[in-house]
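Participant: Dock chain B against the given chain A, drawing on the hints supplied.
So the sequence lines, in the order shown, correspond to chains A and B. For the first sequence, my numbering begins at 159 and goes up steadily by one. For the second sequence, my numbering begins at 159 and goes up steadily by one.
I should point out that these hints are in silico values taken from the structure, not numbers from a laboratory. Treat the hints with care, since some could be wrong.
Unchecked claim - Some, not all, of what chain A presents toward chain B, calculated at C-beta under 10 Å:
id, residue
1, G167
2, G168
3, T190
4, I257
5, A260
6, T291
7, Y304
8, V318
9, Y396
10, I407
11, H437
12, L441
We treat Cβ as the ideally placed atom computed from N, Cα and C, and that holds for glycine.
Below, each chain spelled out in residue letters.
2 protein chains.
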Amino acid sequence: MIAIGVDIGGTFIKVGLVNEKGKVIDRGKIETIKDNPKTCLENVSKVILELIKKNKVKVSGVGIGMPGLLNNGTLIESSNLKPWLGTNIASVINKNTHIKVAISNDANVAALGEATFGAAKSANNVILLTLGTGIGGGIIINKKIYDGNKGQGAELGHVVISLDGEKCGCGRNGCLETFASARALIRQAIKEMELNKKSYMWKLVDNNLDNVDASTPFKAEKHSDKSAKKVIDNYVKYLSQGILNYCNIFRPEIVLLSGGVALQKANLTNKVNKYLKDHYYGLKGAEKVIVKTSTLGYDTGVIGAACLILLK
Amino acid sequence: MIAIGVDIGGTFIKVGLVNEKGKVIDRGKIETIKDNPKTCLENVSKVILELIKKNKVKVSGVGIGMPGLLNNGTLIESSNLKPWLGTNIASVINKNTHIKVAISNDANVAALGEATFGAAKSANNVILLTLGTGIGGGIIINKKIYDGNKGQGAELGHVVISLDGEKCGCGRNGCLETFASARALIRQAIKEMELNKKSYMWKLVDNNLDNVDASTPFKAEKHSDKSAKKVIDNYVKYLSQGILNYCNIFRPEIVLLSGGVALQKANLTNKVNKYLKDHYYGLKGAEKVIVKTSTLGYDTGVIGAACLILLK
Numbered sequence: 159m160i161a162i163g164v165d166i167g168g169t170f171i172k173v174g175l176v177n178e179k180g181k182v183i184d185r186g187k188i189e190t191i192k193d194n195p196k197t198c199l200e201n202v203s204k205v206i207l208e209l210i211k212k213n214k215v216k217v218s219g220v221g222i223g224m225p226g227l228l229n230n231g232t233l234i235e236s237s238n239l240k241p242w243l244g245t246n247i248a249s250v251i252n253k254n255t256h257i258k259v260a261i262s263n264d265a266n267v268a269a270l271g272e273a274t275f276g277a278a279k280s281a282n283n284v285i286l287l288t289l290g291t292g293i294g295g296g297i298i299i300n301k302k303i304y305d306g307n308k309g310q311g312a313e314l315g316h317v318v319i320s321l322d323g324e325k326c327g328c329g330r331n332g333c334l335e336t337f338a339s340a341r342a343l344i345r346q347a348i349k350e351m352e353l354n355k356k357s358y359m360w361k362l363v364d365n366n367l368d369n370v371d372a373s374t375p376f377k378a379e380k381h382s383d384k385s386a387k388k389v390i391d392n393y394v395k396y397l398s399q400g401i402l403n404y405c406n407i408f409r410p411e412i413v414l415l416s417g418g419v420a421l422q423k424a425n426l427t428n429k430v431n432k433y434l435k436d437h438y439y440g441l442k443g444a445e446k447v448i449v450k451t452s453t454l455g456y457d458t459g460v461i462g463a464a465c466l467i468l469l470k
Numbered sequence: 159m160i161a162i163g164v165d166i167g168g169t170f171i172k173v174g175l176v177n178e179k180g181k182v183i184d185r186g187k188i189e190t191i192k193d194n195p196k197t198c199l200e201n202v203s204k205v206i207l208e209l210i211k212k213n214k215v216k217v218s219g220v221g222i223g224m225p226g227l228l229n230n231g232t233l234i235e236s237s238n239l240k241p242w243l244g245t246n247i248a249s250v251i252n253k254n255t256h257i258k259v260a261i262s263n264d265a266n267v268a269a270l271g272e273a274t275f276g277a278a279k280s281a282n283n284v285i286l287l288t289l290g291t292g293i294g295g296g297i298i299i300n301k302k303i304y305d306g307n308k309g310q311g312a313e314l315g316h317v318v319i320s321l322d323g324e325k326c327g328c329g330r331n332g333c334l335e336t337f338a339s340a341r342a343l344i345r346q347a348i349k350e351m352e353l354n355k356k357s358y359m360w361k362l363v364d365n366n367l368d369n370v371d372a373s374t375p376f377k378a379e380k381h382s383d384k385s386a387k388k389v390i391d392n393y394v395k396y397l398s399q400g401i402l403n404y405c406n407i408f409r410p411e412i413v414l415l416s417g418g419v420a421l422q423k424a425n426l427t428n429k430v431n432k433y434l435k436d437h438y439y440g441l442k443g444a445e446k447v448i449v450k451t452s453t454l455g456y457d458t459g460v461i462g463a464a465c466l467i468l469l470k
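Chain A on its own, in the form it takes in the complex:
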């Protein structure tokens, strides 16, 4: 069985031909046209049809991963693709290609991909958190996506862990996203740098705060920088408390981290796993939950989206 996986992002859209072993056989990539979903989805459809023609294959369907909140294939909430709101992405692609289409949120399909071919292959129950500009969430229960009634759940970044905390992009205050996204980590690092002009972090960014990224505090910590350690300890605490919440709700076997901050791999997960252990995984006597980083990397979105078809 072969399927098409489409990974729609705010800047690029990746399309891949994926076989039943989760291997990307061939691929295409186009720019996202933010203000014209119609033309953009026509372009995506062309890439799909070209890939099929070029490789002389029959595909079982097109799977799509899409950032934002969907309702039966229609985008109803998005931070990056506002002009796409109201577009039924699945039905447009289906009309253009005459191929069966399945669609889900990008974090959901990433979780499905990792649970099928990646870092969580061994687990039946998985929570994935994408630690990027925001925090996306994917829930896998018994190897299947769980995305809530009408696909409107699994917004794991928008769960308040500190009421009356900082305003979140979603309108609430103190969401996990405001503490544990890459953006939140950068903000905390900058705040700490401003308090301590001697921090090694200044050296790493050539004294320019615009150069601070999620890796800055982790690099500085290796040079025994106290400010960096403080930033990371704090970040690990908030992220871990968010994970402990999901342990108590879902008790997954594996929690997967992806996105910018997860590039720190063991530097991050060793600390988080220690925090979880020190806090009894949420409840004394409860099953152990292991935190890992995702492994499919660049192709996660495409492979995960294809899984929407491959696993049917």
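Facilitator: Coordinates of chain B only, in the frame set by chain A:
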């Protein structure tokens, strides 16, 4: 089809013969022997066998609802029945009665009962919160209990909504339980009464703080008591924020409230539903979630436990 439902509580154990319409045909009740689970479960088994004999029926199985954290039928965490830890309740009852046994957490079975025969009959996806001494949680997905890997999830009271908040019985800080349980409401009422000696709440409790219960602030609010209103507004805010978290994770059709505070019915749910509406149910454009109180009342536990068998 007829099943036995067993509702194990910290003080009493209720046993009922339940038919396929969710009606309790006959019932028994014994005291919980806290320090001797073996004898206690022998007594439960006797009640089960007597009910069957007396009513001359064949039962399809015994369903049990049990407070605390279970692992494959064994109690591994409990606040009220510590001497029962390590007891495999399901297997003891099965040995004594030679009837098939299914067991789950008490809040899970209450949710299942309400989703099958009670206030959430119309819904496929339901979250139940029991607002008692603590907060229990039940999750129904597509009319089935979801209790997490090895039955160790759905601990919806032990999700931190205010990091660094007050210590919770579970060991963490700022869990929903510390803000929205009946005990938390009483604590907040007492705190407010101590600040305002003129509050009408003092009258309601004969100037004795020991008489304060979850109904006190609700009764006083009807007499335009400002302190009571403050307590309730604050309580509704925290409870609703917890519910909004579950909206974003599960997007259930219905959130059910049961336990002491839920006895306020519309007095409570009108306020919570308004709060949810004012906060877009967690995310703009997302599906509406309705908050109701449970309706099975005294028999919830027994009927819900029987559903573990009736729905098989």
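Participant: Against each hint, give a clear statement of whether it holds in the structure.
Facilitator: Outcome of the hint check:
no.	hint	verdict
1	G167	21 Å, violated
2	G168	18 Å, violated
3	T190	21 Å, violated
4	I257	28 Å, violated
5	A260	18 Å, violated
6	T291	17 Å, violated
7	Y304	7 Å, holds
8	V318	6 Å, holds
9	Y396	7 Å, holds
10	I407	6 Å, holds
11	H437	7 Å, holds
12	L441	6 Å, holds
Checked against the numbered hints above, the structure violates hints 1, 2, 3, 4, 5, 6; every other hint is satisfied.
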